[in-house]
Amino acid sequence: MATPRNRTGGSGAQFLDPAVLGRISNLELLARTVVDGFLTGLHRSPYLGFSMDFAEHRPYMPGDDIRRIDWKLFARTDRHYIKLFEADTNANFSVLLDVSRSMSYGSHSLAKLDYARYLAACLTFFSNRQRDRVGLVTFDHEIVDYVPPSMKHLDTVLHTLDKAHAGRAGSLHEPLMQVAELLGRKGILVVISDFYEEPDAVLGAIGPLRARGHDVIVFQVMDPHELEFPFEEASGFEDLETGEQIPVIPTKLRDEYKRMVAEHLATLKKRFTDNRIDYTLLDTSKPLDLALFQYLLARERLSKAR
Amino acid sequence: MSLAFLVPLFLLGLAGVAVPIVVHLTRRQRRNVVHFPSLMFLEKVPYQEQRRRRIQHWFLLSLRALALALLAIAFARPFLDESDPGLGGASGPREVVVLVDQSYSMAIGDHMQEARREARAVFDALGPLDRASLVAFSQGASVLARSTSDRARLRGALDTVRVTSRPTRFGPALKVAQTIIEESSLAFGHVYLLSDFQRNGWTGDEGVRLPPGSTVTPIPLGTDEAIDNVMVTDVSLPRQIVSGRERITPSARVVRRGGSGALDVNVALELDGREIQSRTVTLQPDAALAVAFQPFTVSQPHTRGTVRVPDDALVADDSHHFVVSPGTALPVLIVEGGSSDESVSLYLRGALDISQDGRFGVTQRRANTIRPVDLEGRAAVFLNDVQIDGASAERLRAFVADGGGVLIALGEDGGWPASAADLLPGLIGPVEDRIQGRGGRLGYLDYDHPVFEVFSGPRSGDFTGARFYRARAFQPSDSATVLARFDDGSPALVERPSERGKVMVWTSTLDDFWNDLALQPVYLPFVHRLGEYLGGRAEVRPWFITGQVVDLANPEALLTAGLVSSEATGLAEGLDQVAITPTGSTLQMPANEGPRYLPLDEHGFYTVRQPGTDPDHPFVMAVNVDLAESNLSRLDPEELVAQIMAPATATRDGASLTQAVELQREDQERRQSLWRWLLLVALALFVIETALSNWVSRTSRGAPGAVAG
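Those sequence lines, one after another, are chains A and B. The opening position of the first sequence corresponds to residue 1 in our numbering, with each subsequent residue numbered one higher. The opening position of the second sequence corresponds to residue 1 in our numbering, with each subsequent residue numbered one higher.
The hints are simulated quantities; they were obtained by calculation from the structure and are not laboratory data. Be aware that one or more of the hints could be misleading.
Stated by the list, open to error - Lysine to aspartate or glutamate pairs mimicking DMTMM-like chemistry, simulated, CA-CA at most 25 Å apart:
#1 A/Lys252 - B/Glu412
#2 A/Lys163 - A/Glu174
#3 A/Lys286 - A/Glu263
#4 B/Lys44 - A/Asp278
#5 A/Lys252 - A/Asp274
#6 B/Lys44 - A/Glu263
#7 B/Lys502 - B/Asp576
#8 B/Lys44 - A/Asp65
#9 B/Lys502 - A/Glu174
#10 A/Lys270 - A/Glu238
#11 A/Lys252 - A/Glu263
#12 A/Lys269 - A/Glu256
#13 B/Lys44 - A/Glu233
#14 B/Lys175 - A/Glu197
#15 B/Lys44 - A/Glu181
#16 A/Lys258 - B/Glu43
#17 B/Lys44 - A/Glu228
#18 A/Lys270 - A/Glu233
#19 A/Lys269 - A/Glu244
#20 A/Lys258 - A/Glu197
#21 A/Lys269 - B/Glu43
#22 B/Lys44 - A/Glu56
#23 B/Lys44 - A/Glu197
#24 B/Lys175 - B/Glu206
#25 A/Lys252 - A/Asp278
#26 B/Lys175 - A/Glu232
#27 A/Lys152 - A/Glu197
#28 A/Lys269 - A/Glu197
#29 B/Lys44 - A/Asp255
Here the structure is a predicted model, which is why all the values come from computation and not from measurement.
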């Protein structure tokens, strides 16, 4: 596992641990859905048009480009059909990284934000190697940094990831609505957050992205202490984002807390799945490459299934 | 008894009990603040439940709170207030002083029984920490029980209180109460005054001031109704020599106070216990009468007499006692020069002879010598302008040594042999004329001397009218006493003190040759006083007043008491004496060198006996009550209280009382010192708490540390 602040250069290349990269390089990142792009490759185009592979016909609708009318079929059927093609394109790959204060938590050497940055860097790197246009949005309760998707923005993304700092309270709805406005072209959106909001609020923030045609992949990063709540001594628990503090006797609360967290995670998973959003829970105590491997395996399987 | 605090302000420190609670709840939070990403789920647990659950070690918390509470209470200086607010309004133990009047007016009705009941009620109401004293008083005050909480002892002392024959005097009793309260360590004094409150018992200038914080509760006894009281206030016993026999014609003064309407009173005269005469007189309310009796002759010495009226409510003043003895003439020898003018002793002898009761038995001798036989049986010798020889002077020396008295009146021929010059009170000088102007006068008289004492009062005799034209110079010796001086300072009458006898020198004459004193009214009493003084005759007192004291070892006092001179010396020097009081009590008076005082506390007749005296006619002294007590008009008790409490009352509500209360509270707190024990317990609790908390800290598991991003 990479050391969070083991800088070897001025960019974010230190995130690309060779062991992690070596394992992930055997996989290909496939977009789940086709996004439009300029480069052909492994990705299938979300748009039907310039591609060589015929997809289907559909009735002409006013406003369609008359150049796409299949005149041969019109000759046979005396009806106007538009000939649709499926083309491989390069995709816009954007990581939406939550840099709110809660992401700074870490019960061991790796904070959640560090873990999320590794994850984002890895995904961005691979996407860039796949000639996708890579971009980055960091946000808390508003957009902090925005790197538009571009083939040339890998270093920028990595640099932005490197300097990302969790310092303020966060929320999902407002910044993700802004992201939806910024990203006009459909693409792959990887949302990395701890999602400390009610499921309805989370879906209310991410749902519009999905509705705009983005292929949304959600990573929920959680610390093992957030999942297991292993505290013993009565302590004052302080909210990292609001500063609010309440006295807690963990031994009395642990079961209830774990039940509520499990219920929350289950609800999120169900709601994401119902909205065709890939959801993965990542435990920061687990190896990052293993998590990536398992996820990419799943995406590849899903992609082939299509 | 209740818990009180000397410095209650420190009880605010009890708020410090909250400190361990706050520390208990907050200290661990500050030490173990866990930064957590979100309280989203934790906040869904009810807050109250978490608060309740946070306190894990109730025992530790209790120990800390209790220790702090004890600390605060200890600083507040707690003490058990032993005062009993239910008694007398005082808030502490009281020093109770019960003053019981035992004057003879308390014999009226059941005053004394009522006083005992009231005093017993006061003793029964004493608090457990109160102390009480019992003081019986009349003319004086006697402490029967002092500052004790032993009620049995107080009741026992109360049973010994008896009515005396003395009058009421509030002053001594209240001063005793003042002293008891001032010396008491208790802050509050309470005086109960049980009396019939006779007005004569209080003059208002006794100077009694009870200490601040003291209270007086007067308990008047009897009723305010006026009592019809008839009393015998005085008896005069003039003597006359009729046909060579001495007769006494007594008269009594009877007074009636109070009452209404005329009252017939039978006044009886008793001698040696037998009524010999009686008179019935009619007395109006608040009136007085003189009752004259028929003369009687006294044949025996120490005859007891009583003038009596019927008993009324106040019995003690219904009889008046006296003692009379047959009168005896004082034998006086006048010696004048053989060649002197015969008129030289005319005035002197005439003065001594003028006496209805035959006071002086005068013998005159015209010679310059004095024979031993001339001095036999004589009490006084007047050397009137005569120059005696040395042998005669030596005889006079012996005469004086035996108690006789000699007056040397100097004149033209007067002198004294040089061989016996030491017997004189000085040196005789030449004749000095004072013929300029109207002659000399007596400028100084020693009115304290028995000779001139009767002239001390106003209009009691004027010596300044006498003119002195000639006198002998006289140089007094160092031991001499000048009793009279002329207006130029030269001595007129000089005395030489002696152990028993007396030697006096009159530097002028006792006739009208050198002065005109013999023509002045004061000459007769002056000569009488000289003769009585030289002869050692004392003014006999037919009776005494209760409260007086007689020294049975003092011959003069005994003579004054009526003892005949033949027995006085023997009784004074004699053997063991026994005095029998009017109530029959016997007082042993053992012979010793010091005075033998016999207090005359009871009214009636005191009889003094000693071995060898006539058992049929012992020495008797009559004692009558002080008639000041016979005035039964009452004093307003509140008036008395106001006078003795006036300064105290002014400060009772002020700083003095507050200071007294504070001192008393401080004294209680200091004696109890509860704060020491509280501090010790608090310290022990702190130690236990420390040990327990350390043990708990060691055994409790710590939570994993949280790292803030």
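Taken at face value, is the distance from the CA of A/Glu232 to the CA of B/Lys175 at most 25 Å?
-> Judged against 25 Å, a Cα distance of about 82 Å means the pair is violated.
Given pair status - A/Glu174, B/Lys502, alpha carbons within 25 Å | 142 Å, violated
Between B/Lys44 and A/Glu228, is the straight-line Cα distance small enough, at 25 Å or below?
-> Distance ~17 Å between B/Lys44 and A/Glu228 Cα, so the pair holds.
Do the alpha carbons of B/Lys44 and A/Glu263 lie within 25 Å of each other, as the hint requires?
-> Status holds; Cα separation ~14 Å.
25 Å Cα cutoff - pair B/Lys44, A/Glu233 = Given that 25 Å is the threshold and the Cα spacing comes to 20 Å, the pair holds.
Going straight from one Cα to the other, do B/Lys44 and A/Asp65 come out at no more than 25 Å?
-> 57 Å, violated
Pair hint outcome, A/Lys252 versus A/Asp274 [Cα-Cα no greater than 25 Å] = 35 Å, violated
Within a Cα-Cα threshold of 25 Å, do A/Lys252 and A/Glu263 meet the stated pairing?
-> Given that 25 Å is the threshold and the Cα spacing comes to 18 Å, the pair holds.
Going straight from one Cα to the other, do B/Lys44 and A/Asp278 come out at no more than 25 Å?
-> Violated, at about 29 Å.
Can the restraint linking B/Lys44 and A/Glu197 be considered satisfied, given a maximum Cα separation of 25 Å?
-> With a Cα-Cα distance of about 13 Å, the restraint between B/Lys44 and A/Glu197 holds, given a limit of 25 Å.
Does A/Glu181 lie within 25 Å of B/Lys44 when you go C-alpha to C-alpha?
-> 35 Å, violated
25 Å Cα cutoff - pair B/Lys175, A/Glu197 = Violated. B/Lys175 to A/Glu197 sits at ~95 Å, over the 25 Å cutoff.
Checked against the numbered hints given earlier, this structure breaks hints 1, 4, 5, 7, 8, 9, 10, 14, 15, 18, 19, 22, 25, 26 and 27; the rest are met.
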